[in-house]
Amino acid sequence: MSAAKKKGKGTEVLLQNLWYNNPIFIQVLGICSTLAVTNNLTNTAIMTLGVSFATAFSSLTLSGMNKLIPNKVRMIVQVLVISFYVIIIDIVLRAYLPDISRSLGPYVGLIITNCIIMGRAEGFARSNPPLLSFWDGLTSGLGYMGVLMLIAVVRELLGFGSLFGIPILTALLGDAFTPWTIMIMAPSAFFLVAMVIWASKTIQEKAKASKQAPAGGTK
Amino acid sequence: MKRDSMAYTVLFTFLVCVFFVFFLSLANESTKDRVASNRRLAERSAVLSAMGIPYTKDTIDTTYEKSVSTVKASTGELYRASVGGKNVYAQRFAGPGLWGTITIILAVDAPVEHLMGLQVVSQNETPGLGGRIDEPWFKTQFKDEKIGPQGIRVVQGSGKGDKDPNNSQVDAVTGASRTSQSMEALVNRGIDDFRKAKNEGVLQ
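Chains as they are written, first to last, in my numbering: chain A, 1 to 219; chain B, 220 to 423.
Everything labelled a hint here was simulated from the structure, so no lab data went into it. Be careful, since some hints might not be right.
Claimed, not checked - Each computed DSS-like pair below joins lysine-lysine, with the alpha-carbon atoms no more than 30 Å apart:
(1) B/221 with A/72
(2) B/291 with B/362
(3) A/67 with B/221
Start from the sequences and build out the full structure, keeping to the hints where you can.
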């Protein structure tokens, strides 16, 4: 019974984090990095993987030691654990992927301030068991990743004419393609995030309305 | 001990810090050599590229040690190498960019009449705009460029790269005027330093 129940809960967490309660377009958290890194798919992929990793493991750790943490220093301990994992990511990148580390620059350190991680630690890991918290952190990261990759595809394609650094539009159109400079700069991410929020909310509202329609009768 | 008592809070915080910091130092210590060697290779390959000495990924250290030596001038330490029978000098320069410090390696010939090349060692400019100073089309513009009386000018051109090596000017990066101006200032400061070193008799 418990296994089946657990599986149900896991699926529920997955659906919530990827769609119904997505960190970007519903909770509107982690927007700073959405604006900063999404003009380049490679950086976006590494950054969002880093966030998923940090969220998953900090949720796991914090949930595991939840009963031991004194209330007064709860948030301080959360930040400590989050920074620990982020610095580990930074060290690994510097040692094994120096080129990526160079191009991400200060962004890796800034994962610490990503609101999603702290949000999951406070909102979920505090009141749930470690493994489920790990899963919640991981899927939150994936929900974040999905939206960021979508935005990065549009921005890199129109801003540079390439995907993952491989020329696409520039190769197809040659000099006829003019890069959209705005797409490289942060403001374009504002427009794109707004469009994602708009589209996803519209779809969710429609789904809700059609579910209620038979029961509610006239509208 | 009660979980919210003062003594427990202090003790717990202390122990948690010791625990996590221990593992961080461990990770840092065990990758220290690797990070240092990455940094050394990046710096050396930048020097070699700026001077126009060919190398492959595996031969950076051997090529560097074989061909590059250092000389001292009042303006700092210069790298010296012989390329195609002529002496070439390079030096590391750092200056302010739009967001942070830009560090470059600039190479010149002994009479300081031509730039031999430029490599960007580190920069924190806007990715996709100012960050494009690290792209090959921008850097190759400096190769064999004639140094004018006023140094090098970074001008608004086609934005695709200036092909003429005799006009003492290069194309700026489109949409990154401030970074382009910073590069101009940095390169010209470097040229001034090379001229000073030449007057001291260091460049031969």
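| What are the numbers of the hints the structure violates, in ascending order? | Of the numbered hints given earlier, the structure breaks none, since each of them holds.
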